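Student: Chains A and B, in that order, give the protein sequences.
Quick note: the first sequence uses this note's numbering, first residue 1, plus one each step.
Quick note: the second sequence uses this note's numbering, first residue 404, plus one each step.
The hints are simulated quantities; they were obtained by calculation from the structure and are not laboratory data.
None of these values were measured; they are calculated from a predicted model.
Some hints could be false.
[Said to hold, decoys possible] DSS-like cross-link-like pairs, simulated, lysine-lysine; straight-line CA separation at most 25 Å:
#1 B:474 - B:464
#2 B:522 - B:474
#3 B:474 - A:320
#4 B:611 - B:578
#5 B:464 - B:519
#6 B:425 - A:309
#7 B:425 - B:408
#8 B:415 - A:390
#9 B:408 - B:474
#10 A:309 - A:320
#11 B:408 - B:611
#12 A:321 - A:390
#13 B:425 - B:464
#14 B:415 - B:425
#15 A:217 - A:17
#16 B:464 - A:320
#17 A:321 - A:309
#18 A:309 - B:415
#19 A:321 - B:514
#20 A:390 - B:514
#21 A:320 - B:519
#22 B:474 - B:519
#23 B:514 - A:320
#24 B:522 - A:320
#25 B:474 - B:425
#26 A:321 - B:425
#27 A:390 - A:17
#28 B:474 - A:321
#29 A:390 - A:309
#30 A:390 - A:320
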Amino acid sequence: MIFETFRIAINGLRTNKLRTFLSMLGIIIGVGAVIAIVSIGSSAREEVTVQISSLGSDLLWVTPGFSAGRATRMESDPRENFTLNIIQYIDDYSPGVTNVVPEVSGSVQLRRGDNTLNSTAVGTSQDFTTVNIYYPERGRFIDQDDLDQSRNSVVLGSNVASELFSDGDPIGQRIRLNYQGRNINFTVVGVMEPKGQGIMGNLDRRVYIPVTTFTDKLSRQNFVDLYYAQFSPGFSSQEARNQIDYFFFQHLGDENLYNIMSQDQILGVLDQVTGTLSLMLGGIAGISLLVGGIGIMNIMLVSVTERTKEIGIRKALGAKKRNILGQFLLESLALSSIGGFIGIGLGYLGTYLVTRIGNWPLVLSPIAVILAFGFSLAIGLFFGIYPAVKAARLDPVDSLSYE
Amino acid sequence: MIEVKDLRKVFKNGEIEVEALKGVSYTINDGEFVAIMGPSGSGKSTMMHLLGCLDQATSGKYFLAGTDVGKLDDNQLAIIRNEQVGFVFQQFNLLARTSISKNVEVPMIYKGVSRKERKRRAEEMLAQVGLAHRMDHNPNEISGGQKQRVAIARALVNNPDLILADEPTGNLDTKTGDEIMGLFQELNDQGHTIVIVTHEPPIAKQAKRIINLRDGLISSDEVIA
Ligand SMILES: Nc1ncnc2c1ncn2[C@@H]1O[C@H](COP(=O)(O)OP(=O)(O)O)[C@@H](O)[C@H]1O
Ligand SMILES: [Mg+2]
Chain A
1 MIFETFRIAI
11 NGLRTNKLRT
21 FLSMLGIIIG
31 VGAVIAIVSI
41 GSSAREEVTV
51 QISSLGSDLL
61 WVTPGFSAGR
71 ATRMESDPRE
81 NFTLNIIQYI
91 DDYSPGVTNV
101 VPEVSGSVQL
111 RRGDNTLNST
121 AVGTSQDFTT
131 VNIYYPERGR
141 FIDQDDLDQS
151 RNSVVLGSNV
161 ASELFSDGDP
171 IGQRIRLNYQ
181 GRNINFTVVG
191 VMEPKGQGIM
201 GNLDRRVYIP
211 VTTFTDKLSR
221 QNFVDLYYAQ
231 FSPGFSSQEA
241 RNQIDYFFFQ
251 HLGDENLYNI
261 MSQDQILGVL
271 DQVTGTLSLM
281 LGGIAGISLL
291 VGGIGIMNIM
301 LVSVTERTKE
311 IGIRKALGAK
321 KRNILGQFLL
331 ESLALSSIGG
341 FIGIGLGYLG
351 TYLVTRIGNW
361 PLVLSPIAVI
371 LAFGFSLAIG
381 LFFGIYPAVK
391 AARLDPVDSL
401 SYE
Chain B
404 MIEVKDLRKV
414 FKNGEIEVEA
424 LKGVSYTIND
434 GEFVAIMGPS
444 GSGKSTMMHL
454 LGCLDQATSG
464 KYFLAGTDVG
474 KLDDNQLAII
484 RNEQVGFVFQ
494 QFNLLARTSI
504 SKNVEVPMIY
514 KGVSRKERKR
524 RAEEMLAQVG
534 LAHRMDHNPN
544 EISGGQKQRV
554 AIARALVNNP
564 DLILADEPTG
574 NLDTKTGDEI
584 MGLFQELNDQ
594 GHTIVIVTHE
604 PPIAKQAKRI
614 INLRDGLISS
624 DEVIA
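Same shape as in the complex, but just chain B:
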């Protein structure tokens, strides 16, 4: 369960201060499928970075599965990113010159999973996203949709409860984007909590709840299914 209370994030670049989040509060229960929408610069990515424990809020509270994230040190944040959160990016962010199965293995390396088990599990995850036959290819040898599938397999490999995806279909054509959304739908059906950022209404409509951000504040929050 995610509980966010009056979350603020201020970026300081010398004298200039940008308040990306100006105090947001909401709760996301386990098993929800939430789309975060809003115009460019409204604070969506900042929100995702905080939820994914890649960054810490300037003020406010964030509880993830009952843990006060604000009180964690770098090491503990790394463990949460490794085990409790799976991140999917618009740019795919696969490691270049590294086979896709090795890419999927990365989170398991940092978890300390044995070599054999890593191989087995990477295979299993790639099969689940329909890429078992591409295991030994490098990322530059597969399509964008396939890259995003690899990224999803990688996000899932340590079996996190929460999947965060920042504009996962932003670099894909509509058809491929729909396929990726189908994958998220499946994962949600399996019980994963999913939060995706998008500015495409048709994509957002596939979620069960839409949170709208505007200028660092929540402008609307509605359940649609």
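Just chain A, same shape as in the assembly:
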């Protein structure tokens, strides 16, 4: 019986294919949008997660913060407590972390002969490579002697090397760094491996110098932008974090003067952002599904009016109210579910294209499919009820005489 009713419903839809398709359009677009948004969202999230993880694993960042009481004192730099000499103390007092790396950076102009190039100079220590899993391809990275003696040694990002030294080996060559109008000559000691676009910008376009050289000769201030550290084997992120927190609180006496962030925290923030975004876009997609539902109701009402005579005939031949109700309800369900199927196909196609273009991993969300499809069925049911009830309630004699 259900099967028969379904066949009757499908035949009803087949008789007017173009109109059937047009009335499904809203659902198609809505479902397609839901699938695409959620899937593209999770693909993008996956991509960023991979990038954050590629920064190195098990990392904690310590950045300067603003104390409420000192915010009014404009002349004070929030970084002023982030001096180089406390690194040793962090290492000593916090067994939970190893390889504490300072980082301070600034815009520089590089010059070699007539070639100039804008770049970012990063002052850091020799542990930078292990923590970031980022190593020199040729030559060497900054070493302890460079740091101890504030040598003018520079390691080039792979792009910088290829742009300034297209003609030969840069190792041992000299380049001139211009920082805020001051020119300083540096000797190239190494070239980094290509790393590509990271979350902090393109690493290949930067140059790396000893942090002591940066503070002594470039910034001429004895503090850095931030520290980061790996937590030691056997320590959890929380333990390492607590130790660092304790150290900085003891050292600075004000919890507002520093921020500690771990990798999982950054991922958490990312989750929140993408979650909010997905929710918002999902809402928009939901609205288009709703509009699709109204489209279906509209077409079903037209269909009921057009087929008044058919309804009359069926009633004269013994159709009960529930038979007619079922016929039109199944018809709108068929409309919305076929529309849902096409929408899923389109959504996947869209996701595939976007992830191909962005070169992201393709993450198809099965939950989005089930959700979108279920939602379109629910909409077919909900918006099909009114027209179907209207059809079922038609008076047999009146509808038989309808022309």
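Following the hints, complete the assembly by docking chain B with the ligands onto the known chain A.
Tutor: Frame of chain A; chain B with the ligands shown alone:
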């Protein structure tokens, strides 16, 4: 058996009331062949709709095979239309874009007959009205007389006792009309009770009893054969 007592039907369209039937009473026994005649607007179709359980009377009683139809709900009326009454219309009222065998299957769908049995029985009924070779055609591909044969096959398919036909020859030429009347004659011989509405005396004369309606009242009721 049909028993009608003081049946009235009033149509209300806003303020305007039309009394289509003003109190009719008669009995039709099983196996009768009755023609209802009368001028246009005399209430013939209204009468047929009530007999066919497509509509309910405003007042009065209608017993069909002992059942008080006035006490039935929509579902029960649908079951009677499905199983106990076969309706034939002047306009044929076949479902468009549906093969004639599928048309004949419709009443069986609502009765819950299995697919296989439906097919078999539709074939059988179409053979009985001489259309076995047109099974897969759509209604727009056959003549008026053939359409009415399909409609009769459809009316008969659930084997109802009562066949109601509202001007079944009204849209047919005389020869085709006679053929259709021959079919009703046959069905009556097989034991079906038949009530047809017509305003053509030659058609009415083929029945065994003629009831004349005038202005919603019976003006004459005579057995002619
Ligand atoms: N649905 C209706 N609403 C109002 N008046 C109706 C309706 N159906 C029939 N009538 C009126 O009832 C009377 C009888 O109609 P009907 O039974 O169709 O007559 P017949 O079939 O004998 O021509 C007519 O006056 C007609 O106008
Ligand atoms: Mg009439």
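Student: Now tell me if each hint is right for this structure.
Tutor: A quick look at each hint next to the structure:
1. B:474 - B:464: Distance ~10 Å between residue 474 of chain B and residue 464 of chain B Cα, so the pair holds.
2. B:522 - B:474: violated (35 Å)
3. B:474 - A:320: holds (17 Å)
4. B:611 - B:578: The hint holds at about 21 Å.
5. B:464 - B:519: violated (40 Å)
6. B:425 - A:309: violated (28 Å)
7. B:425 - B:408: Given that 25 Å is the threshold and the Cα spacing comes to 11 Å, the pair holds.
8. B:415 - A:390: The hint holds at about 21 Å.
9. B:408 - B:474: holds (15 Å)
10. A:309 - A:320: holds (15 Å)
11. B:408 - B:611: Holds - the C-alpha atoms of residue 611 of chain B and residue 408 of chain B are around 22 Å apart, at most 25 Å.
12. A:321 - A:390: Holds: residue 321 of chain A and residue 390 of chain A sit about 10 Å apart, inside 25 Å.
13. B:425 - B:464: holds (13 Å)
14. B:415 - B:425: holds (14 Å)
15. A:217 - A:17: Measuring from Cα to Cα gives roughly 77 Å; hence the hint is violated.
16. B:464 - A:320: With a Cα-Cα distance of about 23 Å, the restraint between residue 464 of chain B and residue 320 of chain A holds, given a limit of 25 Å.
17. A:321 - A:309: This hinted pair holds, its Cα atoms lying about 15 Å apart.
18. A:309 - B:415: Given pair residue 309 of chain A, residue 415 of chain B holds - Cα atoms ~22 Å apart, limit 25 Å.
19. A:321 - B:514: Holds, because 14 Å separates the two Cα atoms, which is no more than 25 Å.
20. A:390 - B:514: holds (23 Å)
21. A:320 - B:519: Since the Cα atoms of residue 320 of chain A and residue 519 of chain B sit roughly 22 Å apart, the hinted pair holds (cutoff 25 Å).
22. B:474 - B:519: Not OK: residue 474 of chain B and residue 519 of chain B at ~35 Å, beyond 25 Å, violated.
23. B:514 - A:320: holds (10 Å)
24. B:522 - A:320: holds (22 Å)
25. B:474 - B:425: Holds, because 20 Å separates the two Cα atoms, which is no more than 25 Å.
26. A:321 - B:425: Violated. Residue 321 of chain A to residue 425 of chain B sits at ~30 Å, over the 25 Å cutoff.
27. A:390 - A:17: holds (23 Å)
28. B:474 - A:321: OK: residue 474 of chain B and residue 321 of chain A at ~18 Å, within 25 Å.
29. A:390 - A:309: Roughly 14 Å separates the two Cα atoms, so the pair holds.
30. A:390 - A:320: The hint holds at about 14 Å.
Hint check: violations occur at hints 2, 5, 6, 15, 22 and 26; the rest are consistent with the structure.
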